[in-house]
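Engineer: Sequence:
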Amino acid sequence: MASSSISGPLCNFRAFPAQSKKTQLLCLLSQQHSSLYSSKQNFKTTTTSSSIRNGSQISRIPLFSGSLLRHKVRAQGDYSSADGSAQYGSEAVVPQEETFAWISVILPFLFPALGGLLFGYDIGATSGATIALQSAELSGTTWFNLSSIELGLVVSGSLYGALLGSILVYPIADFLGRRRELITAAVLYMLGSLITGSAPNLGVLILGRLLYGTGIGLAMHGAPLYIAETAPSKIRGTLISLKELLIVFGILLGYLVGSIEINSVGGWRHMYGFGAPIAVLMGLGVWSLPPSPRWLLLRAVQGKASMKEYKEKAINALSRLRGRPIGDVVSERQVEETLVSLKSAYVDQEAEASFWEVFEGPSLKAFIIGGGLVFFQQSAGFSVASDAARVSVIIGVFKFLMTGFAVLKVDDLGRRPLLIGGISGIVVALSLLAAYYKFLEGLPIVAVAALLLYVGSYQISFGPISWLMVSEIFPIRTRGRGISLAVLANFGSNALVTFAFSPLKELLGADNLFVLFGAIALLALLFVIFVVPETKGLSLEEIETKISK
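Note that the working numbering has the sequence shown beginning at 374, numbered continuously upward.
Some clues are possibly wrong.
[Stated by the list, open to error] Straight-line distance between alpha carbons at most 30 angstroms, and here's what the computed DSS-like set of lysine-lysine pairs gives:
| hint | residue 1 | residue 2 |
| --- | --- | --- |
| 1 | Lys-716 | Lys-686 |
| 2 | Lys-677 | Lys-716 |
| 3 | Lys-716 | Lys-738 |
| 4 | Lys-686 | Lys-909 |
| 5 | Lys-738 | Lys-677 |
| 6 | Lys-738 | Lys-922 |
| 7 | Lys-686 | Lys-607 |
| 8 | Lys-607 | Lys-919 |
| 9 | Lys-909 | Lys-922 |
| 10 | Lys-909 | Lys-716 |
| 11 | Lys-811 | Lys-878 |
| 12 | Lys-909 | Lys-919 |
| 13 | Lys-677 | Lys-919 |
| 14 | Lys-919 | Lys-738 |
| 15 | Lys-909 | Lys-607 |
| 16 | Lys-782 | Lys-607 |
| 17 | Lys-909 | Lys-738 |
| 18 | Lys-738 | Lys-607 |
| 19 | Lys-686 | Lys-919 |
| 20 | Lys-607 | Lys-922 |
| 21 | Lys-782 | Lys-738 |
| 22 | Lys-716 | Lys-607 |
| 23 | Lys-782 | Lys-919 |
| 24 | Lys-922 | Lys-716 |
| 25 | Lys-782 | Lys-909 |
| 26 | Lys-716 | Lys-919 |
| 27 | Lys-922 | Lys-782 |
Note that these hints are calculated values from the structure, not bench results.
Could you put together the complete structure from these sequences and hints?
Structural biologist: Next comes the structure, spelled out in structure tokens:
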């Protein structure tokens with residue numbers, strides 16, 4: 374009988390019969406799990422095993438019973454000293470599963486995602502606040518008689534602030550770090566809420582709106598970045614998409630607070646001031662979180678900090694983020710894997726990415742994908758086609774439900790199927806709106822159906838998936854700057870479409886305008902089909918490798 378030789382990091386066998394390969398593999402797995410979990414006396418462990426052929430998995434799965442609910446994510450890839458997997462002949466062995474405590478995963482998502490909730494809250498609250506602000510009886514001011522330009526500055530002040538924030542963060546994103554950026558955003562949210570709510574005149578009110586908007590710019594940059602870098606790969610899409618759900622929930626919360634306060638004298642002050650305690654909760658919550666392990670390693674590789682010190686901090690941070698004992702073996706191994714990837718990315722390059730590097734090589738490809746998605750997200754007409762939905766709680770609830778569907782399915786179906794299906798629905802909806810204005814104005818049900826189709830299709834595609842893709846696809850070397858440019862492209866496109874809508878409607882007519890938006894949506898569909906990759910289930914390092922090809 375033929376014999377084979379196997380040498381691995383945990384077992385060393387020679388001259389095993391070919392039919393005993395399963396025994397060899399089980400020995401490797403048993404020894405590794407014994408070394409990883411022998412110190413965890415407070416957990417009960419049971420194991421199951423499954424056989425593998427032609428590259429399928431064989432594993433011994435630890436099933437823990439303890440005080441914290443734990444979720445197990447099967448690791449992907451070959452076995453090596455870096456990531457804990459090995460390739461033996463034609464059979465792949467994956468001897469470990471990533472375990473994490475749900476409470477340790479939820480909090481690093483929830484506190485940054487409050488920045489999205491405050492963004493949505495501003496949209497919902499402003500729709501009611503501007504009505505009260507212009508009322509002689511309800512404004513409680515002597516300067517209620519606002520011109521259209523002044524009212525426009527109040528409404529769009531946060532948008533201009535968000536543009537400013539995304540510009541400011543570009544050169545300092547890596548220096549500031551994800552956690553400190555989110556804390557800064559929370560401070561700006563709080564100051565903006567308090568200044569706007571207590572404004573003695575229009576100038577101070579607009580200043581408060583700008584400060585609040587700057588917080589939006591930082592939060593919409595920092596939140597997806599922090600969540601992407603700290604979430605387990607298996608549920609990263611779900612968590613980042615949940616941020617969009619919180620934005621929609623924030624809109625509904627803004628509607629609710631507005632409906633309560635709109636008939637009160639000076640109620641608009643309460644609408645804007647309501648954001649301050651949420652901002653305080655966000656700031657304190659983010660302050661309690663560990664820094665991003667990937668950011669710590671990035672700074673060490675860039676030569677900005679001690680490698681030994683920051684590597685230890687990264688291991689401890691990852692242990693906290695997964696609910697494991699501080700400095701555990703699995704976290705150490707995962708940090709080593711990320712460190713190897715980072716060091717290879719920095720071979721023969723400057724210690725820190727240059728100002729223009731985001732427009733070169735893989736970073737440029739990532740920017741084309743991410744920037745293209747956020748551009749089409751706005752230019753396909755959402756910011757204007759959904760204006761009618763802004764004052765409808767029913768539409769808001771519908772948006773919430775459709776976003777919830779996307780959140781549940783994004784890590785199951787993948788990013789591309791949701792984008793392709795949703796954008797196809799947007800094309801149909803815009804075609805129906807064009808037909809309504811051209812031929813069917815006597816059938817308002819067509820417009821209602823088209824609006825519902827548009828909103829639902831948007832909320833399962835562009836809404837959550839664009840920000841998810843943007844947070845995933847940039848190489849870590851340029852991730853901070855790349856995402857800041859994508860945020861800038863998003864808010865810039867929003868401002869452009871909002872500004873151009875009325876002149877274009879007057880020039881082209883509503884029917885032809887929606888034909889134009891439909892054509893843009895069709896281009897977006899082709900862009901997704903031929904350019905946007907699938908990233909479901911991949912680690913950020915694996916995505917970086919895929920984009921680099």
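Engineer: All the hints need checking, so say for each whether the structure fits it.
Structural biologist: To see whether the hints hold, each was checked on the structure:
no. : hint                 : verdict
1   : Lys-716 with Lys-686 : 18 angstroms, holds
2   : Lys-677 with Lys-716 : 14 angstroms, holds
3   : Lys-716 with Lys-738 : 21 angstroms, holds
4   : Lys-686 with Lys-909 : 28 angstroms, holds
5   : Lys-738 with Lys-677 : 27 angstroms, holds
6   : Lys-738 with Lys-922 : 10 angstroms, holds
7   : Lys-686 with Lys-607 : 24 angstroms, holds
8   : Lys-607 with Lys-919 : 17 angstroms, holds
9   : Lys-909 with Lys-922 : 17 angstroms, holds
10  : Lys-909 with Lys-716 : 25 angstroms, holds
11  : Lys-811 with Lys-878 : 13 angstroms, holds
12  : Lys-909 with Lys-919 : 12 angstroms, holds
13  : Lys-677 with Lys-919 : 28 angstroms, holds
14  : Lys-919 with Lys-738 : 11 angstroms, holds
15  : Lys-909 with Lys-607 : 8 angstroms, holds
16  : Lys-782 with Lys-607 : 12 angstroms, holds
17  : Lys-909 with Lys-738 : 18 angstroms, holds
18  : Lys-738 with Lys-607 : 24 angstroms, holds
19  : Lys-686 with Lys-919 : 28 angstroms, holds
20  : Lys-607 with Lys-922 : 23 angstroms, holds
21  : Lys-782 with Lys-738 : 26 angstroms, holds
22  : Lys-716 with Lys-607 : 24 angstroms, holds
23  : Lys-782 with Lys-919 : 23 angstroms, holds
24  : Lys-922 with Lys-716 : 18 angstroms, holds
25  : Lys-782 with Lys-909 : 11 angstroms, holds
26  : Lys-716 with Lys-919 : 17 angstroms, holds
27  : Lys-922 with Lys-782 : 27 angstroms, holds
The earlier numbered hints are all upheld by this structure, with none contradicted.
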